[in-house]
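Here is what each chain is made of, one letter per residue.
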Amino acid sequence: MIPLKPVSSRRKAALGLSFFALFVLAWGAATFGGFVSKTFLADPLTMLREGWALFAQHGFARDVAITIWRVVGGFVLAAALAVPLGIAMGAYKPIEAFFEPFVSFARYLPASAFIPLLILWAGIGEMQKLLVIFIGSFFQIVLMVAVQVGATRRDLVEAAYTLGASASGVVRRVLLPSAAPAIAETLRLVLGWAWTYVIVAELIGASSGIGHMITDSQALLNTGQIIFGIIVIGVIGLVSDFLFKWANQRLFPWSLA
Amino acid sequence: MSKLVIDGLGRTFAGVRGGAPTEALRPTSLAIADNDFITVLGPSGCGKSTLLRIVAGLDAPTTGRVLLDGAPVVGPGADRGMVFQSYTLFPWLTVRQNICFGLRERGMAQPAQDEIAAHYIDKVGLGGFEHHYPKMLSGGMQQRTAIARALANAPKILLLDEPFGALDNQTRGLMQELLLSIWEAERKTVLFVTHDIEEAIFMANRVVVMTARPGRVKADVPVALPHPRHYTLKTTSEFSALKARLTEDIRVEALKVAGLAG
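So the sequence lines, in the order shown, correspond to chains C and R. Each residue of the first sequence is one higher than the one before, starting from 48 at the first, in the numbering used here. Each residue of the second sequence is one higher than the one before, starting from 985 at the first, in the numbering used here.
Read the hints as simulated data drawn from the structure, not as lab findings. Any given hint could be a false lead.
Heads up, simulated SDA-like pairs for lysine to any residue below, C-alpha to C-alpha not over 25 Å straight-line [said to hold, decoys possible]: (1) R:1140 with C:216; (2) R:1119 with C:144; (3) C:292 with R:1140; (4) R:1140 with C:214; (5) C:292 with C:216.
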């Protein structure tokens, strides 16, 4: 192997898939071979069977839909408020000086630790789930967007001024388009984190959703269902990530080689 | 009457972390006539870019002032077009959209914008590249677009800060001829900063030589070579004589910058 030498796309796909195969193989060997107790780890076939049963008998599709709605709802709410604030902070230094210290502090407050408080405030309904995701996403997005807008190349800003741009023209026509691909990338990243918050929110005080199904299955020692639930989350995450990447490539063709 | 008056312009930068302040530009005066092409020649770090940035309104002088058509310069504006050494095309805009940036900013109608853009695209020889993004262009093509973008705004004066500094020698020669041919056709007032002696002579009607830091005007040399100029001019004896003289002037300053002056 030569450092940094690229691999062909076919070989790359083959290598990527082979690790998945190896992983399932090792899992199968551990469970079918009797090295691990079935109580603690279901084998791959049981997991698939349980997964099928979840959809066919337990209405799991509804849980999946509810979880997706919570993630998207909380995330969209957070992004709709955080992106404009981040842009304002990145562009205008007094606004940044006003908010930045608090946002930096709030960013480290763990969203999951708010769950007991949010249950007190908002009960165990949908609002509480959305708020967990909102708290977990909002401060992260604000801070990253502010940094990205603030990192706009100064020579581009100067060029705009010499072309007669006003201060607001510079924000609209230089800072925004310049930071747009990085902002989209931030949203993709934070959406991934939002998925972990929603499951945590659903593990405590929920009566529906993938996380709720996982806690139920734990009570029944059904590790096949738990693993299936986890894999479903992974697949949905992968799909949303793929959609985001695809959209970014379509929206910002100029930022690609 | 002078188009641009630089009157006792000085710039001192505050010291970093309590250090001594740096005097980049010692109070300098200069008058530039309408339709003239002036090059400012000096070694690196002589304050020539600082001078240009103050004229552009991107930096404020410590002392003195700049007058354009008799009105003081207080900030950047569309009446002074600028071409930077670094590639400053907006990467998210195509060649044509880049050229239209200033026109759009002042709310010109799209058909009028397109007409002006087409004129300058043709002028800088970028026909067929209107819809390319900057990333897809060579360095020379990017700087040609930057020149077209500055000219499309119809500025009173064109400021160029070592615009060809990052280009290879051959491209640089071609770009000089291109800019010169545009100037010969339009006679726009130009202030062109460079550290390249040959470039300074070839382009200018007047070469202003600057000293090492703190920068000030060391010599003001008229270039009486006829227009239109052809690249073969660079091998004539008049050109060589001028080059020899300026080389001597600049060498002394470069030695000072390098700390080798004895």
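Here is how each hint holds up against the structure:
no.	hint	result
1	R:1140 with C:216	holds (22 Å)
2	R:1119 with C:144	violated (35 Å)
3	C:292 with R:1140	violated (45 Å)
4	R:1140 with C:214	holds (22 Å)
5	C:292 with C:216	violated (29 Å)
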